[in-house]
Amino acid sequence: MTDTAAKPAPQPGETTTKAAAVSIWEIFLEFLIIGATSFGGVVPYLRGSLVTKRHWIDDKEFVEMLSISQSLPGLNATNMAVLVGEKLRGVMGSIAGIIAICLPGGLLMFAVGIFYHHHGDHTFITAALKGVAAAAVGLILSTVVSLSKKSLSHNFDFVFMAATVIAVNRLHLGVPRTLIAVGILAILFHHPRKAQKESVKP
Amino acid sequence: MNQIPALIRVFAYLSLLTVGGGMAAFPEMKILTVDVHKWLTFPQLIHLYSVGQMAPGPNMMMIVSIGQWAGGILGAIAVLGAFFGPTAVLAFIVAKAWKKLEKWPWRTSIQRGLAPVAIGLMISGTYTIARLSVVDLPTLAIAVVVFGILTWRHVNPGILVLLGGAVYMLAMR
Numbered sequence: 001m002t003d004t005a006a007k008p009a010p011q012p013g014e015t016t017t018k019a020a021a022v023s024i025w026e027i028f029l030e031f032l033i034i035g036a037t038s039f040g041g042v043v044p045y046l047r048g049s050l051v052t053k054r055h056w057i058d059d060k061e062f063v064e065m066l067s068i069s070q071s072l073p074g075l076n077a078t079n080m081a082v083l084v085g086e087k088l089r090g091v092m093g094s095i096a097g098i099i100a101i102c103l104p105g106g107l108l109m110f111a112v113g114i115f116y117h118h119h120g121d122h123t124f125i126t127a128a129l130k131g132v133a134a135a136a137v138g139l140i141l142s143t144v145v146s147l148s149k150k151s152l153s154h155n156f157d158f159v160f161m162a163a164t165v166i167a168v169n170r171l172h173l174g175v176p177r178t179l180i181a182v183g184i185l186a187i188l189f190h191h192p193r194k195a196q197k198e199s200v201k202p
Numbered sequence: 001m002n003q004i005p006a007l008i009r010v011f012a013y014l015s016l017l018t019v020g021g022g023m024a025a026f027p028e029m030k031i032l033t034v035d036v037h038k039w040l041t042f043p044q045l046i047h048l049y050s051v052g053q054m055a056p057g058p059n060m061m062m063i064v065s066i067g068q069w070a071g072g073i074l075g076a077i078a079v080l081g082a083f084f085g086p087t088a089v090l091a092f093i094v095a096k097a098w099k100k101l102e103k104w105p106w107r108t109s110i111q112r113g114l115a116p117v118a119i120g121l122m123i124s125g126t127y128t129i130a131r132l133s134v135v136d137l138p139t140l141a142i143a144v145v146v147f148g149i150l151t152w153r154h155v156n157p158g159i160l161v162l163l164g165g166a167v168y169m170l171a172m173r
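Residue numbers (the numbering used here), protein chains in the order written: chain A, 1 to 202; chain B, 1 to 173.
Isolated chain A (complex conformation):
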């Protein structure tokens, strides 16, 4: 939690202590910026903003929070806003984070919904949307690759990863059952005595 010193900081001397001094307004503003600019998936923007730019959390905490976010019901983006907001400023931090991250996209989709309702089936609009969705697939995959490099601590983790994909997409077990079954196996695999002997990749 205190090993962010290795990363380049925008200004020297404010790497680890910054989190203590964050105001509600700063949290609101940062999540509002993420909410307004994170086209095509929030995770890389969250990382860029919270870890790289602000140093509010380090990469290891980011991955931990992301795994908590992904394990709980709720979207990664809003759960991350709640978790990071809570870490920085408690209840008010969480509320500021979640409202700010939802506001720009929510307002946009409100307007888009009205527009689409009236001008729905334009050929180019539909075509553009297909290209956008395809590009988003490339984006999510690149995030998957970079997170895998950072957060997987054992080669056997790839087996759990593959088991998850197969259970959801091939066996159609549903996310909750898959999560409980594969999650418990993976947690038991990484049991405390074993974990002490290993160290997570930097």
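A hint or two may mislead.
[Stated by the list, open to error] Derived pair list, reagent style SDA-like, types lysine to any residue, alpha-carbon separation capped at 20 angstroms:
#, chain 1, residue 1, chain 2, residue 2
1, A, Lys60, B, Leu101
2, B, Lys30, B, Leu132
3, B, Lys99, A, Ser71
4, A, Lys87, B, Glu28
5, B, Lys99, A, His172
6, B, Lys99, A, Ile187
7, B, Lys30, B, Ala6
8, B, Lys30, A, Leu173
9, A, Lys53, B, Val155
10, A, Lys53, A, Ala36
11, A, Lys53, B, Arg153
12, B, Lys99, A, Pro192
13, A, Lys60, B, Lys96
14, A, Lys149, B, Trp152
15, B, Lys30, A, His172
16, A, Lys87, B, Lys99
17, A, Lys149, A, Asp59
18, A, Lys87, B, Val94
19, B, Lys30, B, Ile8
20, A, Lys150, B, Phe92
What the hints contain is simulated information worked out from the structure, not anything from laboratory work.
Given chain A, work out where chain B should sit, using these hints.
Quick look at chain B alone, frame taken from chain A:
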């Protein structure tokens, strides 16, 4: 509007299914919003979902449009509250409990164990979206090129996503 209680019920339920990402709730969302309540058609749902991919922020903000269609501005607000309120409270409670368990040895085990599962769920979501959106050679090319650029270069992904839309629109003229 008398649709509002139904909107709250449906979206509060759907929010509990979004473990590992919004895509997990998509099949149930189709059944409830299209087949049961007839708030919109299936093609409209797919279109709104695609638009939602382009919008910044949490990737299920398209639910706002469904709320707006079914219940006006109050419908949009009701849907947002129902979809994000309960899961936010849950995340908050878990975050607090997690901090108190800092010394608990299983905490590290849980984190290390859940990491590959979380990444697996992300891949599953990508696969589900890909089946809907990578449908021909141009869309495959767009996905591969965007993946390649983002893996080897730091570029704002939003620009690439918008370019993807523009390229496909031109390719399909």
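For this session: Given the hint that A/Lys60 pairs with B/Lys96, test it: the Cα-Cα distance must not exceed 20 angstroms.
Result: Given that 20 angstroms is the threshold and the Cα spacing comes to 18 angstroms, the pair holds.
Exercise. Does B/Trp152 lie within 20 angstroms of A/Lys149 when you go C-alpha to C-alpha?
Worked result: holds (14 angstroms)
For this session: Assess, step by step, whether the Cα of B/Lys99 is no farther than 20 angstroms from the Cα of A/Pro192, and give holds or violated.
Result: Holds: B/Lys99 and A/Pro192 sit about 18 angstroms apart, inside 20 angstroms.
For this session: Given the hint that A/Lys149 pairs with A/Asp59, test it: the Cα-Cα distance must not exceed 20 angstroms.
Result: holds (12 angstroms)
Exercise. Holds or violated: A/Lys53 with B/Arg153, Cα cutoff 20 angstroms?
Worked result: holds (18 angstroms)
Problem set entry | Holds or violated: A/Lys53 to B/Val155, with C-alpha atoms at most 20 angstroms apart | holds (15 angstroms)
Exercise. For the pair supplied as a hint, B/Lys30 and B/Ala6, is the alpha-carbon distance within the 20 angstroms limit?
Worked result: This hinted pair holds, its Cα atoms lying about 15 angstroms apart.
For this session: For the pair supplied as a hint, B/Lys30 and A/His172, confirm whether the alpha-carbon distance does not exceed 20 angstroms.
Result: holds (17 angstroms)
Problem set entry | Restraint check for B/Lys30 with B/Leu132, where alpha carbons must lie at most 20 angstroms apart | Judged against 20 angstroms, a Cα distance of about 14 angstroms means the pair holds.
For this session: Given the hint that B/Lys99 pairs with A/Ile187, test it: the Cα-Cα distance must not exceed 20 angstroms.
Result: Distance ~19 angstroms between B/Lys99 and A/Ile187 Cα, so the pair holds.
Exercise. Are the Cα positions of B/Lys99 and A/His172 separated by 20 angstroms at most?
Worked result: Between B/Lys99 and A/His172 the Cα gap is close to 34 angstroms, so the pair fails against 20 angstroms, i.e. violated.
Exercise. Are the Cα atoms of A/Lys60 and B/Leu101 separated by 20 angstroms or less?
Worked result: holds (17 angstroms)
The structure fails hints 4, 5 and 20 (numbered hints given earlier, in ascending order).
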